Structures are given as C-alpha cells and as structure tokens.
Amino acid sequence: MAVDVRVIERSDLSALLVALREAGYEVIAPVPGDGSIDYDVVTGDGERPAGFSDEQGPGAYRLKMCDHELLFDFAAGASSWKKFLFPPSLTLFSAQRRQRSFEVLPGTADPPPRAFLGVRACDLAAIDIQDKIFLGGAFVDPSYRQRRKDVFIVAVNCTRAGGSCFCASMGTGPRVSAGFDLALTELKIGERHCFTAEPGSDRGEAVLARLGSPPAGPALEAEARSASARCAASMARQMVTDGLRDLLVQNQEHPRWRDVASRCLACANCTLVCPTCFCATVQDVTDLAGERAERIRVWDSCFSAEHSHLHGASVRRTTRSRYRQWMTHKLAYWIDQFGTSGCVGCGRCITWCPAGIDITEEAAAIRAGGATTTAPNSGG
Amino acid sequence: MEATAAASRVVSAPENPPNPWIPRRFRVAARKQETSDTFSIELADAGGEEHEGFSFRPGQFNMLYAFGVGESAISISGDPAAGGQPVHTIRVVGTVTRALGALRRGDVLGVRGPFGSAWPVEEAAGRDVIVVAGGIGLAPLRPALHQLFADRARFGRITLLYGARTPRDLLFGDDLDRWSRRRNTGVQVIVDVAGPSWHGNVGVVTSLFKRVHIDGPDTVALICGPEVMMRFTAVELLQREVPIDAIHVSLERNMKCATGFCGHCQYGPAFVCKDGPVFPFARVKPWFMVREL
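Chains P and R, in that order, are what the protein sequence lines are. Residue 1 in the numbering used here is what sits at position 1 of the first sequence, and the numbering runs on without skipping anything. To get the numbering used here, take the position in the second sequence, counting from 1, and add 380.
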C-alpha cells in the first residue's frame with residue numbers, strides 16, 4: 001500500500017503538538033538550553049523556538065541564531081532520547097528494615113505516555129539498538145519496557161548535515177525508514193515553510209486524520225526526498241564499515257591504541273552523549289538511621305577505573321585498554337552481541353570529546369595499518 | 381501500515397515480565413567460618429508470598445544483597461541435589477562481602493538468581509573428569525563435584541587438583557577427605573606457601589600434573605581459579621591431548637546486574653554474566669592472551 005504523505009504548514013505545526021497532548025501524550029521536543037540543543041516537555045501553545053542552528057566539529061559545538069526561521073536546522077545536541085527511556089538515575093527499589101529482615105518497596109514511578117518530537121534517523125536507530133539490549137534478550141528491563149511501549153515517535157528527516165555527522169556511512173540516516181509513527185521533513189520553498197508528514201503507524205495516521213492535513217502531492221514528496229539526498233551527499237565525514245569488526249578484533253595490540261590514549265582524557269563524555277552506550281552501575285544509599293535503603297541505577301562508563309574493578313584492582317588499568325574496549329565494543333563486539341554495530345553515526349562522541357578525538361579517524365588509522373598484530377584469532 | 385520491527389519487539393516482550401532487579405528474601409539458616417577470611421552461609425527462603433523454592437545448576441551464581449550496602453555476584457557452592465537451600469562460600473574482599481560476612485543465623489539478605497551457564501557435567505558421562513581449582517575457585521566447582529560423586533558409576537576416573545595460598549586457606553577439608561577415599565578417584569592438594577606442619581605439596585597447581593595420569597583424549601576438564609592459573613592449566617591439558625572442546629573454564633568480571641544490562645562484565649564478544657561464567661575454553665581462548673581486555 002502506498003503511504004499517503006500529507007503536508008502540514010508551518011503555522012499548523014503547533015496544532016500537531018496540541019493534538020498529541022490531547023491524545024494523552026506528554027510531548028517532548030528540542031529546546032535550546034545550556035548552549036546546546038536539549039529536549040524538554042512542551043507546555044503552552046505548542047509553538048517551537050525558531051531559527052536555531054549549530055556548528056559542530058571535533059571538540060566544538062556552537063549554537064547560533066539564523067534568519068531562516070527553520071525549526072529543525074540543527075544536528076544532534078549533547079542530549080539524546082536515551083535519557084527518557086534509560087534514565088541517568090533510576091531508583092530500582094527502596095527497602096525498609098524490619099527487625100532482622102527488610103521489606104522491598106517500589107522504586108521510581110513510571111512516567112506518563114510520551115511523544116518524542118524531532119527524533120532524527122540516527123537517534124531512531126539508537127532507540128532500536130537499545131530495544132535489543134533491554135527488551136530483546138532473556139531478561140526484560142521493566143522500566144525501559146514501560147517507558148518505551150507507548151512512545152509516539154515523530155521523526156524529523158535531516159536536511160542539513162552537522163559537522164560531526166556520519167550517519168549515511170553507517171546506513172542509519174539521514175532519512176528514517178521504519179520505527180516511527182510520523183516522519184516530518186521540513187521544507188522552505190520560496191516563501192512557503194511546511195512539513196511533509198509520512199505516517200508510519202495507525203496511530204500516526206490517526207493523528208494526521210485528526211489534523212485534516214491534505215496530501216502533500218508528488219512535487220513536495222520529491223522535494224523532501226531530494227532534501228535528504230542532498231544532506232547525505234554533503235556529509236563530509238564517514239566510517240568505512242567493510243570488515244571493520246574483524247579489523248578491530250585482530251588489532252588488539254595496534255600502536256594506534258597507545259597513540260589515542262595519549263590524547264584521551266578518559267573523561268567519559270563520549271559514553272554519556274552516545275545514544276546507545278548502556279553501561280550502568282548501582283549506588284546503595286541509606287538514611288542516617290540505616291532503616292531505609294535505596295538501590296539507584298546510574299549511568300556508568302567503561303572509561304572509569306571502577307568499571308572493571310575486580311578484587312581490589314581494575315582489569316583495565318590504562319586509558320589505552322579503556323579506549324580500546326569502548327571502540328572495539330561499539331564497532332565490533334556489538335555486532336556479535338546484538339547483530340548490529342553499536343554506532344549510529346550521530347557524531348556526538350566527536351563533538352563532545354574535549355580532546356577532539358574522532359572515532360572515524362581512529363578507525364581509519366587502524367585500517368591504514370602499522371599493526372604489530374597479536375591477533376586473538378592467531379594468538380593464545 | 382504494518383507494525384515496524386522495533387514496535388513488534390516492544391510488543392513481543394512479555395506483558396508483565398518478572399523484574400530481574402528485585403531480590404527475593406532469604407534467611408541465613410546456617411553459617412560456617414571456613415578459613416580466616418572465608419565463610420559459608422546456607423540460605424532458606426524467607427517465606428511469605430515469595431516462597432517458590434530454589435534450584436540451580438553447578439557453576440551458576442547468585443547476586444547477594446546486603447541491606448543498604450550493596451550486591452555481589454557469588455557462585456553457589458552447595459549440593460544441587462540438596463534442594464531449596466542454596467549455599468554460598470564467600471571470601472571477604474570488599475564492603476559487600478564484609479557485610480555479608482557480618483550476617484548471623486536468622487538475618488535476612490536479598491537473592492537474585494540463579495544466573496549464568498553451568499558446568500557440562502552431563503557431557504562427562506562415560507569419560508574421565510579432571511577438576512582443577514585455585515583458591516576460592518573450588519567453590520563454584522563443588523556443586524559439580526557433588527553431582528559427579530552422587531552418580532559416581534556414570535563417570536570414569538575423577539581427578540581433583542586443588543591449590544591454595546597456605547594450608548590454612550584450604551577449603552572444604554571434609555569433602556576433600558571423603559572424595560579422596562572414593563573409588564577410582566585422585567585428589568591432589570598443593571599450597572603456595574607451607575608451614576612447618578605441612579607435609580604435602582608446595583608450588584603452583586600446575587606442578588601437580590606430573591603426579592597424575594590423564595587419559596587426555598577421553599577426559600573432560602573443569603577449571604576455575606585466577607586467570608593466569610587457568611591459562612597454564614589449559615596449556616598442560618592440551619599437551620596431554622585433552623581436546624580443546626572438552627576444556628571448560630569459569631571466568632569472573634565485575635557485575636552489577638547479572639542480566640546483560642549493566643555492561644560491566646564485557647569480555648570480548650561475550651557477557652560473562654549471561655554467556656558465562658562457564659565457557660568452553662575454545663570460545664574464550666582468543667581473548668585469554670589479551671592483556672587488560
């Protein structure tokens with residue numbers, strides 16, 4: 001069945017947000033905050049801040065205002081949707097001491113159903129990857145499932161590549177292909193500012209019907225597709241993925257690991273901004289009397305010494321081994337574990353690295369050779 | 381439009397999945413000080429609505445929660461046939477194990493599990509078995525030994541090589557005595573550092589290989605101890621023509637969840653918590669030689 005693509009005029013976009021709220025969703029959308037694009041709950045009339053754009057590159061991010069009045073002219077910011085589905089801090093349970101025993105009490109309450117407005121193709125791929133981690137195995141994470149199951153996803157196809165983006169080479173963007181309820185493409189053609197709106201589910205179709213959006217027509221649909229294509233073509237950065245898994249697995253002792261370790265601060269920024277990194281630790285806290293306890297799950301990073309702590313020492317003592325673990329897991333072992341790369345090409349780890357380390361450049365350097373190979377497949 | 385793959389994964393996840401983060405409560409039914417720094421506790425279901433028994437396979441582990449202090453991954457060291465009352469043998473190495481060590485008979489702790497893979501005891505039927513343990517590594521092997529001796533006639537020669545730091549650190553002395561008197565069984569013990577009253581072997585556990593005969597091609601090997609010890613043990617076994625597929629090791633890594641969510645136990649392509657802790661040696665061999673993996 002051909003998908004019936006509609007058009008939503010710029011002036012009607014707030015009606016979409018209001019319609020989502022009326023359908024029972026708490027709407028979360030991009031907002032400028034702390035010098036970067038963040039995501040927050042939309043209140044009021046649903047009107048969105050206009051004219052924001054960004055400049056990005058290794059270790060660099062500038063939010064800027066433009067005259068174009070576009071609503072989605074920025075690439076990925078420091079935040080990702082991960083924080084709503086896999087919260088940075090979540091109380092797993094509380095416990096109350098009862099003499100020599102204790103009672104287990106509920107942890108963090110589940111939020112209301114949410115609509116995510118402005119999910120880019122890279123981030124949609126990231127959500128799909130985290131679904132595999134938290135829902136796809138023998139165990140299901142109940143808080144992730146609760147947060148995930150009702151999410152209404154309004155994707156936005158990218159029409160401008162950010163300076164750190166490389167989604168096209170990872171095969172995840174810049175245009176979404178599945179996993180959304182609605183997919184918008186922002187277009188400005190002469191004086192007309194509008195969005196093509198493609199339904200991806202019955203729920204998405206129902207919202208468009210409610211808005212009474214007219215068909216976009218072949219010309220607008222073609223323009224939306226070519227805007228995505230231009231974006232893909234303009235993407236300067238790329239990851240060469242051919243044979244990348246084996247390349248990394250066979251180069252555990254490559255001199256580049258030492259080289260990157262001399263620049264890496266092991267600050268964990270890359271893992272925190274990454275939309276697929278899922279490491280977490282658990283903190284135990286009690287009240288002063290020791291009567292009430294909580295177990296709190298918080299994001300963790302494989303760049304910390306504590307991450308590999310075992311019997312009073314770290315297995316990964318050096319930054320070299322931690323960077324190798326992060327990148328090899330992300331680009332190689334992830335494929336063994338989840339059938340997909342752990343990288344979606346959003347470029348956040350490049351932008352937010354204070355040392356400007358570029359994962360595509362590091363992978364290319366290992367591909368370029370210079371190895372003193374101690375390949376796991378030949379060693380031992 | 382049909383549901384997307386992502387949506388179907390959400391839908392296909394069970395409606396009310398058991399929450400793997402929530403512990404069951406167990407009461408300390410018995411406590412035994414094994415050595416100066418190691419103790420065993422036997423746990424009984426603390427009852428109430430949670431009462432659902434407990435069964436496990438040799439080699440699996442539990443996450444033990446000390447109220448307000450934290451959780452630790454601890455292998456199960458008791459007899460799998462005993463049923464319902466898991467036993468854990470714990471060496472005090474940090475805050476959580478210290479808190480677990482302070483529990484007395486009647487105190488309640490949290491238990492999640494059992495988790496992980498098991499020793500392939502069935503695979504050893506009709507064949508010889510060699511068990512090599514270093515230190516506290518004997519604890520996760522003990523359920524397998526119980527199972528082997530409970531069904532003694534089904535297995536060929538059973539050899540146990542066990543190394544500890546000093547004679548005072550030797551665990552399960554009664555078991556060692558009992559097992560050594562079983563038919564067609566060899567038990568060899570060695571210590572790193574001896575005292576004046578020790579008349580036994582001194583050295584590393586692999587030096588015991590010269591004291592035993594191994595019919596390599598027809599032997600299944602189960603190994604647990606420090607990684608360096610397992611590495612050298614595997615070399616000895618391979619030299620004696622034990623097939624690489626018949627060698628099994630139990631690995632240890634930091635764990636916070638035991639369910640593949642927390643990322644701490646990454647070991648190359650494997651999660652130690654759910655793909656292990658017991659691995660066929662052939663599967664982990666490529667990564668065994670990589671330092672700081």
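A portion of the hints provided could be inaccurate.
[Claimed, not checked] Keeping only pairs whose Cα atoms sit at most 27 Å apart, straight-line, the calculated BS3-like set for lysine-lysine is:
1. R:665 with P:149
2. P:132 with P:149
3. P:149 with P:64
4. R:590 with P:83
5. R:590 with P:132
6. P:132 with P:83
[To be verified] Here chain P is said to cover these stretches of chain R; the calculated rule only asks that three of the stretch's residues, wherever they fall, bring their Cβ under 8 Å from a Cβ of chain P:
7. 399-405
8. 479-488
9. 543-553
10. 559-567
No wet-lab data here; the hints were simulated from the structure. Everything numeric in this text was worked out from a predicted model, so none of it was measured. Think of the CB as a built atom: it goes at the ideal place given N, C-alpha and C, for glycine as much as any other residue.
>> At least three residues with a C-beta closer than 8 Å to a C-beta of chain P: is that true for the segment 559-567 of chain R?
In response: Coverage by chain P is violated for the segment 559-567 of chain R (0 residues, Cβ < 8 Å).
>> Cut-off 8 Å, C-beta pairs, minimum 3 residues; does the coverage of the segment 479-488 of chain R by chain P stand?
In response: It holds, with 3 qualifying residues against the three required.
> Is residue 590 of chain R close enough to residue 83 of chain P, meaning Cα to Cα at most 27 Å?
Replying inline: Given that 27 Å is the threshold and the Cα spacing comes to 58 Å, the pair is violated.
> Are residue 149 of chain P and residue 64 of chain P close enough, with their CA atoms no more than 27 Å apart?
Replying inline: Violated, at roughly 35 Å.
>> Run the distance test for residue 132 of chain P versus residue 83 of chain P: straight-line Cα separation, threshold 27 Å.
In response: holds, 17 Å
> Does the segment 543-553 of chain R contain three or more residues whose Cβ lies closer than 8 Å to a Cβ of chain P?
Replying inline: Since three or more residues must qualify, the claim that chain P covers the segment 543-553 of chain R is violated, with 0 doing so at under 8 Å.
>> Checking one constraint from the list: CA of residue 590 of chain R to CA of residue 132 of chain P, max 27 Å. Satisfied?
In response: violated, 49 Å
> Are the Cα positions of residue 665 of chain R and residue 149 of chain P separated by 27 Å at most?
Replying inline: violated, 40 Å
> How about the segment 399-405 of chain R: do at least three of its residues have a C-beta closer than 8 Å to a C-beta of chain P?
Replying inline: holds (count 6)
> Taking 27 Å as the top limit, are the C-alpha atoms of residue 132 of chain P and residue 149 of chain P close enough?
Replying inline: The hint holds at about 13 Å.
In this structure, the hints that do not hold are numbers 1, 3, 4, 5, 9, 10, in rising order.
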